[in-house]
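Enquirer: Just so you know, the sequences run in chain order A and B. UniProt numbering applies: residue 1 is where the first sequence begins, and numbers increase by one. UniProt numbering applies: residue 1 is where the second sequence begins, and numbers increase by one.
Hints listed in this document are in silico derivations from the structure and should not be mistaken for laboratory results. Bear in mind the structure is a predicted one, so any value in this text is a computation, not a measurement. One thing to keep in mind: the hints can contain errors.
As the list claims (entries may be wrong) - Quick partial rundown of chain A residues pointing at chain B, CB under 8 Å, derived from the structure:
1. His58
2. Ala59
3. Lys60
4. Glu126
5. Ala131
6. His132
7. Leu134
8. Val136
9. Asn146
10. Pro243
For every residue, glycine included, the Cβ atom is placed at its ideal position computed from N, Cα and C.
One-letter residues, chain by chain:
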Amino acid sequence: MGDPDMLYGTTLSAESIKVIAESIGVGSLPDDGAKELAEDVSYKLKKIVQDAAKFMHHAKRSKLNIADIDAALKVRNIEPQYGFTSNDFIPFRFASGGGRELHFIEEKEIDLSEIIQGAPPKIPLEVTLRAHWLCVDGIQPTVPENPPPLSKESQALDSVNPVVKLEQGMTKDTAGKPATGKLHKLKNVETVHVKQLATHELSVEQQLYYKEITEACVGSDEPRRGEALQSLATDPGLHEMLPRMCTFIAEGVKVNVVQNNLALLIYLMRMVKALLDNPALYLEKYLHELIPSVSTCIVSKQLCMRPELDNHWALRDFAARLMWQICKNFNTSTNNLQTRVTRIFSTALQNEKTPLSSLYGAIAGLSELGSEVIKVFIIPRLKSISDRIESHLQGTALSNTDKIAAGHIRAMLQKCCAPVLKTIRNPPDIVEEYKRDYGFLGPTLHQAVVKARNAPQVIPSTSINSISNNSAVTIVNAPIAAAATASTLNRNQGPLISSRAGSIEFFSSAQTISPQIQRQVSQTQNQPGQQQKYVIVTQRPSTPQSGLQQSQMSSGLQQNGSNPIKFQHSTSLQGSASTVYCNTSSVEQVGPPELDDLSHLE
Amino acid sequence: MSLSADKRELLAVLKLIRRYNLKGTEELLRQEANLAEDADDSAGTDVDCVLSAYEGEGDPEIFENAYAELRNFVEESLDIYKHELALVLYPILAHIYIKLMQNGHCDAAKRILEKFGPEQEHYFQEDIQNLLQITNRQQLEGSDLVNALENEKFIIRMSRDTLSLLKRHIQDKKTDTISQIVNKHLYFDLYEGVARSKGQCEASAGAMTGEAKRQDNKVRVYYGLLKEVDFQTLTTPPEEEDDLDPDAPDKPKKKKSKKDPLFSKKSKSDPNAPPHDRIPLPELKDADKLEKMKALREASKRVNLGKDSLPSVCFYTVLNAANAVTCTEISDDSSMMAVGFADATIKVWSLTPSKLREMKPADQLKEIDRDADDVLVRMMDDRTAETCRMLLGHSGPIYRCAFSPDRTLLLSCSEDATIRLWSFNTWTCVVVYKGHQFPIWDVRFSPHGYYFASCSHDKTARLWATDSHQPLRIFAGHLSDVDVVQFHPNSNYIATGSSDRTVRLWDVLTGNYVRLMTGHKACVYSLAFSMCGRYLASGSSDHRVLIWDLSHGQLIASLANHSDSIHCLCFSRDGTILASGSLDCTLKLWDFSKLSEDYASQTANASHNPDVKDGDVYLLRSFPTKSSPFISLHFTRRNLLLAVGMFKS
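Given only the sequences and the hints, what does the whole structure look like? Please build it.
Expert: Given below as structure tokens:
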């Protein structure tokens, strides 16, 4: 047992009694008197609180309130202290000074005229009854009124603590499912412990839901998509479908990044966002699918058909924000998530050959992770980045695309570095020094820093990050939705731009195929001579083609070694869906998508 | 100290009389006792001595050493005796504290209790804290706990061997300190046989004044059910039946076959049932008979529950109540729900489509044809139909409501120390029952109507009849608040649960307690009788449900899986499942049929101190709510479980 003092409570001190005596005008209370009073008052107070606890219990509460104290006083035939009711918890404040330490309740002055003239308080809502099924024949339905079948804590525990899982394996988790005699029998018969195949059944309703949701999320009906995302973000009973959802997203990103279908990538990222926002889900187990997808959307070389026109920057920013959210939610000392993510970005930053769009993504990703990350990883690289983008911006640029990219990089750096530079550099800001330290970007940064210094209250980038999720969503979603619609509208008319490294030739005709993501796709136009690609996303694992394709992809990867950031799908991902190319001859020409290789994540 | 003990006591009484300013009595007593006016001045200081039963000095050192020796002796004794011996430690320590306090060694007393207190069992810690709050002699008088310890003997069940061991130790030490306490304040309930194990000791320990004596539970309890009225003799017009039952065509035949076993079971007289006229029960009125018929018909449609067929649960959430719901109650036929609030209002909801109506005013009632078949319907004023009605009258939080079996009356008890009877015909308060001195925690209607029981902070439970202002019985004996009361299905007994951590069963006929059951480690907040009347379940703030066999007052099982106080318990109508709802926002279903079967098979080879069954094997399922603690549970006649909770914002 602990310290008996802590265990058995304490009494009011004689000093407190003296202070109280002073406050009612008794100046010199003798020490003995104060001590005697302190003991007596403590005893009586404890008695009253004890009685009050009885009233609390009988009101079926676990929080003592003032009415309980009043009732306890009444029981002892003492006049209750009227007028002290308060709906809120009133904290004690602490003050010390003059050798005295005091706890007191802050009493604010109330302007009576304000109360009189102000609007009358709202009438409290009528007490109502609401009925729902807590359980039906022993099974708790997953309706919003019920808590999620697997609480977030247990989901978290499940994914973080392997021991729990082991124990669960022994006592097969039957929550929500009636115990069937069959299962019981099996257990008795089995003597050899064979690891059972993980059966993962979805009910018909769940399958329907999955179909509806995925179709709505990537379909063209924006209001419907809103509803679907809303459902993903709020429904409590989704965790059983989570593996499918995550695979859907991962596969979707893989396919659409090859096709440069910006709109769909944006839709998929919004799905990730919705899942992340769902308070009942814990995504830790599925990060191996989500992180490659999200980082692809941040640093992929090309995300859209016309890099110089489409706003793929919004997608990169949005995905970077998602990455920050993932890091914030799931970073633990064992998975070192943030460290690993930071490493991906910073290696991209350090590579001189990184395409500018990827460079932008890496900077965006890093800048979301907070000022400390900016200070350590971006600031030291400023000079070399300057050197790279200088040529593109100074008019000698080879392509318009690069010029735009360089401009975005400059704007991004200006935005994210200024607040950090402000803190690490001392006030006299001299343009020359900036130029010397940061090269081409020097003057721009100087300007931004000076501006930041003059502004009365600058919100540092970290505090922007700490804006509550909801507001962040609304801010970020607006441009990204706009970008999505813009790109879908224009997709078919734009001139073809072949990307620099891996030229993608099968988009040579203006007629682009828009298979995007289709469940059990049935696209059967056969146009011989035209290189066309059919994408079939199925839920069946491992067809032979997938292995073929994987090897092809990795061979393509070697051809295209210039890609600085490599993500490699883990094979388990590969197995859960397969992409089939009908026209195998074209595959060689297909530059592999530059999402790959998260091997250093594992 | 020259005065004789008698005289000093008289003086003390005189002083008390003076304190309450009863001049006449004082004069009389003074004359009777031949006491001079001046005597009581000198007696002033003696009063406290009289009130404190102890005399002499008593050196705290001696007590401390004696206790330390006793503790060492217990520690070093053989394992088989150890746990029983350990039971004496707490009461002796508590009495040492009280004794030292009475002798004015307050600091020493405090020091000793703080030193040895933490090593006592966890369930005595609260009491030890209460003792420690007392810092001087005056406060001793005001403490319930001290009074209980002083006036009641602390009861410990002990095997003969263990006791002789203890006695030898006390004699060896030759210090009369401990032996005085043991003689004066401990009572050993001796039994032959092997000393109990740790688990067995712990199972029944924990009450404020020790365990129950075997003597306490000797009286025979008629726990059987009363013979139901023979329904064959009831005359119900067939068209009435059709009215009540829209899907009637094939009903009559089916019912006959179905009801027969029900009747045969009921008509067999239970050897454990009390005689029908043991207590006078109200005559069945026509309306009651109709109600019984309806109940029986509903019961024939009942779902049989069990391990593989769990009930459905419908959860009613009270919204926008701002933490003010103090109690809820659902009528037996599940048509109405009453909710009591902390602001002294009661709201009654209709849970069926039929609305709550008021009776027509008197002049309109006169015009109604009294012989009409639907006179009861005609009496009601359709214009007043509402789904929710409010009852105002109390002046403090409502702690419990109870529907009368015929659903025309509602009882409510409140912090204002009154019980009110409300009529559902007029929707007004009909009677105010005053009698309890302090807030009333619980009120329950007898299953047969007419009688009701209440319990209060004043440490009593009382039995009332609806037509009397005075209580018929006062059940006094609990040492602290009586927190919950429950009628036995046969109306001959009531069970009470108290803050002194005991459960008692009282005979309504004699007013004596016939069972005293100890084992709870904290206040008892809910009670439920099993359908067969033999078992009693009690839920407590020690987070456990204990199941008792009333035939011997034995603890059968301890169901521990909750993590907060259990405020509602309910048996399914077929008695197979026990549902418990707690403040931890979970509802748990327990397999009671398995439990009773296991118990029955065990009693065949009953040993002297049967082991208490562990709960987890009987737990069937647990259902959490989002953030609504359970306030009440109710099985409908068809075995649908209704639960009520308030959303905790």
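Enquirer: Give a verdict on every hint.
Expert: Results of checking the hints against the structure:
no., hint, verdict
1, His58, "5 Å, holds"
2, Ala59, "5 Å, holds"
3, Lys60, "5 Å, holds"
4, Glu126, "7 Å, holds"
5, Ala131, "5 Å, holds"
6, His132, "6 Å, holds"
7, Leu134, "4 Å, holds"
8, Val136, "5 Å, holds"
9, Asn146, "7 Å, holds"
10, Pro243, "24 Å, violated"
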